[in-house]
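A.B. asks: Starting from the known structure of chain A, arrange chain B on it as the hints suggest.
Keeping their order, the protein sequence lines are chains A and B.
Be aware that the first sequence starts at 460, since it is given in my numbering, and climbs by one per residue.
Be aware that the second sequence starts at 460, since it is given in my numbering, and climbs by one per residue.
Some hints could be false.
Copies of the same chain look alike in the list, so a pair counts if it works inside one copy or between any two.
Once the Cα atoms are required to be at most 25 Å apart in a straight line, the calculated SDA-like pairs of lysine to any residue come out as [as the list claims (entries may be wrong)]:
no. : residue 1 : residue 2
1   : LYS817    : GLU767
2   : LYS817    : VAL665
3   : LYS618    : PRO690
4   : LYS817    : ASP771
5   : LYS618    : GLU592
6   : LYS817    : GLY793
7   : LYS817    : ASP781
8   : LYS817    : VAL773
9   : LYS618    : ARG808
10  : LYS817    : GLY678
11  : LYS817    : ALA794
Derived from the structure by calculation, the hints contain no laboratory data.
There are 2 protein chains.
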Amino acid sequence: MNPERSSVGPDQIIGILGGGQLGRMLALAGARLGLRCQVYAPEPESPAFDVVRRITEADYSDEVALARFAEDVDIVTYEFENVPDNAARFLSSRLTVRPGARALTVSQDRVVEKTFARDCGLDVPDFEPVDDEADLERALARLGRPAVLKTRRFGYDGKGQAVIRMGDDPAAAYAAIGRQPAILEAFVPFEREISVLTVRGADGEVRHYDPVENVHRGGILRTSIVPAQIPAATTIAAVRMGRVLAEALDYVGVLAVELFVTADGRLLVNEMAPRVHNSGHWTEAACHCSQFENHMRAVAGLPLGSTERHADAVMQNLIGADVEAWRAIAAEDGAVLHLYGKRDQRDGRKMGHVTRLKTLSRG
Amino acid sequence: MNPERSSVGPDQIIGILGGGQLGRMLALAGARLGLRCQVYAPEPESPAFDVVRRITEADYSDEVALARFAEDVDIVTYEFENVPDNAARFLSSRLTVRPGARALTVSQDRVVEKTFARDCGLDVPDFEPVDDEADLERALARLGRPAVLKTRRFGYDGKGQAVIRMGDDPAAAYAAIGRQPAILEAFVPFEREISVLTVRGADGEVRHYDPVENVHRGGILRTSIVPAQIPAATTIAAVRMGRVLAEALDYVGVLAVELFVTADGRLLVNEMAPRVHNSGHWTEAACHCSQFENHMRAVAGLPLGSTERHADAVMQNLIGADVEAWRAIAAEDGAVLHLYGKRDQRDGRKMGHVTRLKTLSRG
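Bound conformation, chain A alone:
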């Protein structure tokens, strides 16, 4: 714990594991609250490094760097759920890590995650763990085709997934995901995908943002639309599911839950992310208090901020070459542009996002 403290205001120094755009936006939101942030990331060109004074450029396995980091900061949070076990354990033994180790354990493994959600009484797509090809054959026989084969760990943006349809060779699908420990999920003929962002304070207070509808392309989130076009009862059910999971995890911070909505109105938990989430980027443009600020408030033990929405919004990710339109987007009325300051544009790389606002109509 750092002895150098401010005499007023929130006096924590927040350590952020991960230096991507989420870490960057967390640090920016923290700064508005007067919090100092220190970013820990292995990549020298980490976007979050540009917006903090103190950085730790080191590998997550570097225990000397982790120990120094633990001395520099008061509380640790993270921008991604794939924090290596050793780093999370090492830091948790020395200081508070929020959201806690439980949230990491649950969300790092798709089998543990779905089992956890099911144990909370929530619907999930039917699934089977797959540890070898024999498991896969058995699982396919029970769940039928199409089905989705996913690595249990380290999947993101559609990576580590393969759909097995009629006529497909299961062994080829298993090879395609690297023959890793996997999960086979029954294919859900969903009508839409939504997500709900729940924030839970250190004191247990729970708030939520309005559920958003998400459109993916090539496994990557392209667009989030708020409000989602779902009946009020579905909204209420989705919000309740977020709360149930956050409370069961004794969670502190923003929790993202992705849900499938079926034609008959059922909600199934697709996945959880124990962090701020791409589908909540619109909140910085359309809410009094963004997901980033509310996460930092929760982590720092402050009261939660208002999640109220003052506009309808459509958030569009700027992926790869999309970002080349930045100047035209900057000139658009009602468009709130956010660029991540990444030096290299690559296919599939998230370079920024834009939230287009439509003022709420009032009676």
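C.D. replies: Frame of chain A; chain B shown alone:
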């Protein structure tokens, strides 16, 4: 000019002179646009240092540091108008400084400033330059009492000012402001003080935020209220005055103009600030694009952002001990809190602000 450039997005590195809360908020707004910022300030505890990776901690008279700064960055802007002449001249000879040197020259000296505004055809309080006690006697004889004696340079937050009323000793007032080159201004029995924030792009486009009404206490801005309670014609006149001054200065960036509104509806220019301004802090909470972002857009040569307002707002400065209420304010619904991360609380020191929003009523 720094050779290390991003391949997409705005590719400038913006140098910011001054490390206070305004520089900090400029850097935070720049980061959202993907701009990298480097802050130059002499004080090691500068609040803006905490939110950028690259800093220059050096005196404004240090030409070695200034030369290195000029090589590190592409464009220079500033958070305060009292940039020492030598630094502004030195940097202007090497790279683009926005808003330009003209804006600094005009706003650094109250006699030059008022003369300039008058030459633009705008009303100003009647005034006389004062260089000695004989000048002061003559000026008092012409302008009458009460009158306000101010230093020509380096005044802020009511410092360097003295009101001379009936019975007061002019020599004592002159001594109180340090017997510096001064200006005597006729006292304006104003009904309210407003300010108008104008932003002018590098391409000459001009936009403005809605005029705000300002309440000072002890010479320090306490509260800004938007919309100002003034007739539509007064709003139009105020906005026009901001535009006239910005265009006459060939200005790039946010220009703040403080105006007196008299009981008979006349508008007189009180002072100008060639920078983002305390009376525009509400824009970060109530507008799509804040004064900070629009200043950075203008400085970086980007299109201007929307200055539209989605809520009525009251901004309150948290000065000195005010900030001790930060936790209660953080818990208020509709209150957007911004703390500057300053370590030491002192009387009269601006520690943060809060903008309380009231959603616009619509027909």
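A.B. asks: Compare the structure with each hint and give your call.
C.D. replies: Hint check:
no. : hint               : verdict
1   : LYS817 with GLU767 : both (15 Å within a copy, 12 Å between copies)
2   : LYS817 with VAL665 : between (27 Å within a copy, 24 Å between copies)
3   : LYS618 with PRO690 : neither (32 Å within a copy, 59 Å between copies)
4   : LYS817 with ASP771 : both (5 Å within a copy, 17 Å between copies)
5   : LYS618 with GLU592 : within (20 Å within a copy, 79 Å between copies)
6   : LYS817 with GLY793 : both (7 Å within a copy, 20 Å between copies)
7   : LYS817 with ASP781 : within (22 Å within a copy, 36 Å between copies)
8   : LYS817 with VAL773 : both (9 Å within a copy, 23 Å between copies)
9   : LYS618 with ARG808 : within (13 Å within a copy, 51 Å between copies)
10  : LYS817 with GLY678 : neither (27 Å within a copy, 40 Å between copies)
11  : LYS817 with ALA794 : both (9 Å within a copy, 22 Å between copies)
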